[in-house]
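K.L.:
FYI, this note's numbering numbers position 77 of the sequence shown as 77, with every residue one higher than the one before it.
For the record, the hints were derived by calculation from the structure and aren't laboratory data. Backbone N, C-alpha and C define an ideal beta-carbon position, used for all residues, glycine too. Treat each hint with caution, since some may be false.
What the hints assert, rightly or not - SDA-like, lysine to any residue: derived pairs with alpha carbons at most 25 angstroms apart:
1. Lys7 <-> Arg134
2. Lys182 <-> Thr58
3. Lys152 <-> Asn170
4. Lys7 <-> Glu176
5. Lys313 <-> Lys247
6. Lys251 <-> Arg173
7. Lys151 <-> Asp79
8. Lys278 <-> Pro305
9. Lys278 <-> Gln299
10. Lys6 <-> Lys69
11. Lys152 <-> Met188
12. Lys151 <-> Ser72
13. Lys7 <-> Met184
14. Lys151 <-> Ile78
15. Lys182 <-> Leu198
16. Lys247 <-> Pro231
17. Lys247 <-> Gly265
18. Lys251 <-> Lys182
19. Lys6 <-> Arg40
20. Lys6 <-> Ser72
21. Lys251 <-> Asn155
As the list claims (entries may be wrong) - With beta-carbon atoms standing in for the labels, derived distance ranges:
22. Gly237 <-> Arg147: 28 to 34 angstroms
23. Gln36 <-> Gly150: 41 to 47 angstroms
24. Gln299 <-> Ala19: 50 to 56 angstroms
25. Met184 <-> Lys6: 20 to 26 angstroms
26. Met184 <-> Gln301: 36 to 42 angstroms
27. Gly265 <-> Glu5: 52 to 58 angstroms
28. Ser100 <-> Gln301: 25 to 31 angstroms
29. Asp79 <-> Gly25: 51 to 57 angstroms
30. Ser100 <-> Lys7: 32 to 38 angstroms
31. Glu224 <-> Ser100: 44 to 50 angstroms
32. Ala284 <-> Gly187: 18 to 24 angstroms
33. Asp90 <-> Gly319: 47 to 53 angstroms
34. Met184 <-> Thr269: 39 to 45 angstroms
35. Ala19 <-> Lys251: 31 to 37 angstroms
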Amino acid sequence: MEENEKKDILSLLPEELEAEFALLGEPKFRAAQIFQWLGRGVRSFDEMSNLSRDLRRTLQDRFFLYEPKVLSRQVSAIDGTIKYLWELSDGNAVETVVMSYQHGNTVCVSSQVGCRQGCAFCASTIGGLVRNLRASEILDEVIFSERDSGKKISNIVLMGIGEPLDNFDNVMRFLELVNHPKGMNIGMRHISLSTCGLIERFDDLAARNLQLTLSVSLHAPDDETRSRIMPANRGRGVENLIAACRKYYEKTGRRISFEYAMIDGVNDTPEHARLLAKHAREVAAHVNLIPLNHVEERQFQPSTPEHLKRFIKILEDSGVNVTVRRKLGSDVDASCGQLRRKIEKNRKGGQGPV
Numbered sequence: 001m002e003e004n005e006k007k008d009i010l011s012l013l014p015e016e017l018e019a020e021f022a023l024l025g026e027p028k029f030r031a032a033q034i035f036q037w038l039g040r041g042v043r044s045f046d047e048m049s050n051l052s053r054d055l056r057r058t059l060q061d062r063f064f065l066y067e068p069k070v071l072s073r074q075v076s077a078i079d080g081t082i083k084y085l086w087e088l089s090d091g092n093a094v095e096t097v098v099m100s101y102q103h104g105n106t107v108c109v110s111s112q113v114g115c116r117q118g119c120a121f122c123a124s125t126i127g128g129l130v131r132n133l134r135a136s137e138i139l140d141e142v143i144f145s146e147r148d149s150g151k152k153i154s155n156i157v158l159m160g161i162g163e164p165l166d167n168f169d170n171v172m173r174f175l176e177l178v179n180h181p182k183g184m185n186i187g188m189r190h191i192s193l194s195t196c197g198l199i200e201r202f203d204d205l206a207a208r209n210l211q212l213t214l215s216v217s218l219h220a221p222d223d224e225t226r227s228r229i230m231p232a233n234r235g236r237g238v239e240n241l242i243a244a245c246r247k248y249y250e251k252t253g254r255r256i257s258f259e260y261a262m263i264d265g266v267n268d269t270p271e272h273a274r275l276l277a278k279h280a281r282e283v284a285a286h287v288n289l290i291p292l293n294h295v296e297e298r299q300f301q302p303s304t305p306e307h308l309k310r311f312i313k314i315l316e317d318s319g320v321n322v323t324v325r326r327k328l329g330s331d332v333d334a335s336c337g338q339l340r341r342k343i344e345k346n347r348k349g350g351q352g353p354v
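Build out the structure end to end from the sequences listed, making use of the hints.
P.N.:
Here it is, written out as structure tokens:
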């Protein structure tokens with residue numbers, strides 16, 4: 001069988017593995033053995049020493065496994081942030097970042113190869129969407145980042161390349177896998193999912209009551225500004241987005257976070273701050289201001305320190321809970337998509353996809 005004709009064993013939950021082994025006439029405990037091997041990062045059936053040779057051969061015929069390869073590993077000399085570029089089985093590549101905080105180590109994972117959302121300040125969307133990541137590929141970002149870095153991962157943010165809600169089913173399956181008590185067992189309250197505002201998926205997410213943190217990449221509080229820098233706003237609108245956030249909050253009881261990249265002369269005026277404060281109060285949202293990382297292909301610049309301080313004061317005076325994201329990895333292609341773009345440029349000439 002070719003890989004695309006085999007089943008993706010890493011995307012299967014233990015109970016689904018049990019069903020597969022039942023078809024093979026194998027006892028249920030084999031599923032637990034396999035799940036443990038996979039969770040340790042074993043990506044060859046031949047290494048699963050407590051399985052018989054015949055069973056390993058059968059598994060090889062029915063299922064595929066692939067170990068992502070490190071195309072690039074950048075370590076910040078400033079704060080130890082590690083940025084990985086992983087090569088996938090089809091030659092495409094995605095970025096993953098490991099960041100250390102006082103509360104533990106956080107991994108920022110990608111959910112797609114490329115992105116179709118077209119945000120004007122983002123490197124990830126240059127070139128558009130190539131494909132969705134499988135649940136197993138997202139899971140491997142966590143497993144192999146932990147394994148390579150030697151840092152125990154305690155928190156996950158889905159804020160890398162891609163729009164998680166545009167790859168809804170695979171992302172939901174990833175969350176089940178990474179949260180499973182027999183797997184990495186990372187609690188949902190330690191996971192944040194970032195979206196540019198695909199509000200048509202908010203009800204589906206709320207219905208699952210996952211207790212994760214929903215981070216909405218707002219980046220502008222009015223339609224004129226937001227539609228200019230975020231095409232996903234067109235046809236949806238800020239008011240509809242805020243209404244969807246309110247409904248999600250009421251359904252789940254989980255406080256929403258507004259991510260807001262501070263862009264000089266674009267979205268950092270006092271008027272923007274006052275309107276943002278109004279929206280945040282409507283849904284009891286926390287506002288996380290992000291110093292913009294410069295992207296070579298984009299013309300935008302980060303807000304000045306003076307404008308940032310003014311913006312913060314207006315929010316705080318309005319009773320909004322606001323923080324400024326700690327800027328990590330500024331010396332290692334900090335903005336998502338930059339490292340992938342750099343490798344893409346080097347690969348021009350038919351040396352393979354990214």
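K.L.:
For every hint, state whether the structure bears it out.
P.N.:
Structure-based check of each hint:
no., hint, result
1, Lys7 <-> Arg134, "holds (12 angstroms)"
2, Lys182 <-> Thr58, "holds (24 angstroms)"
3, Lys152 <-> Asn170, "holds (24 angstroms)"
4, Lys7 <-> Glu176, "holds (18 angstroms)"
5, Lys313 <-> Lys247, "violated (28 angstroms)"
6, Lys251 <-> Arg173, "holds (21 angstroms)"
7, Lys151 <-> Asp79, "holds (14 angstroms)"
8, Lys278 <-> Pro305, "holds (23 angstroms)"
9, Lys278 <-> Gln299, "violated (29 angstroms)"
10, Lys6 <-> Lys69, "holds (21 angstroms)"
11, Lys152 <-> Met188, "holds (17 angstroms)"
12, Lys151 <-> Ser72, "holds (18 angstroms)"
13, Lys7 <-> Met184, "holds (22 angstroms)"
14, Lys151 <-> Ile78, "holds (17 angstroms)"
15, Lys182 <-> Leu198, "violated (32 angstroms)"
16, Lys247 <-> Pro231, "holds (23 angstroms)"
17, Lys247 <-> Gly265, "violated (32 angstroms)"
18, Lys251 <-> Lys182, "violated (29 angstroms)"
19, Lys6 <-> Arg40, "holds (22 angstroms)"
20, Lys6 <-> Ser72, "violated (29 angstroms)"
21, Lys251 <-> Asn155, "holds (24 angstroms)"
22, Gly237 <-> Arg147: 28 to 34 angstroms, "violated (43 angstroms)"
23, Gln36 <-> Gly150: 41 to 47 angstroms, "violated (20 angstroms)"
24, Gln299 <-> Ala19: 50 to 56 angstroms, "holds (53 angstroms)"
25, Met184 <-> Lys6: 20 to 26 angstroms, "holds (24 angstroms)"
26, Met184 <-> Gln301: 36 to 42 angstroms, "holds (39 angstroms)"
27, Gly265 <-> Glu5: 52 to 58 angstroms, "holds (53 angstroms)"
28, Ser100 <-> Gln301: 25 to 31 angstroms, "holds (28 angstroms)"
29, Asp79 <-> Gly25: 51 to 57 angstroms, "holds (53 angstroms)"
30, Ser100 <-> Lys7: 32 to 38 angstroms, "holds (36 angstroms)"
31, Glu224 <-> Ser100: 44 to 50 angstroms, "violated (39 angstroms)"
32, Ala284 <-> Gly187: 18 to 24 angstroms, "holds (22 angstroms)"
33, Asp90 <-> Gly319: 47 to 53 angstroms, "holds (50 angstroms)"
34, Met184 <-> Thr269: 39 to 45 angstroms, "holds (43 angstroms)"
35, Ala19 <-> Lys251: 31 to 37 angstroms, "holds (32 angstroms)"
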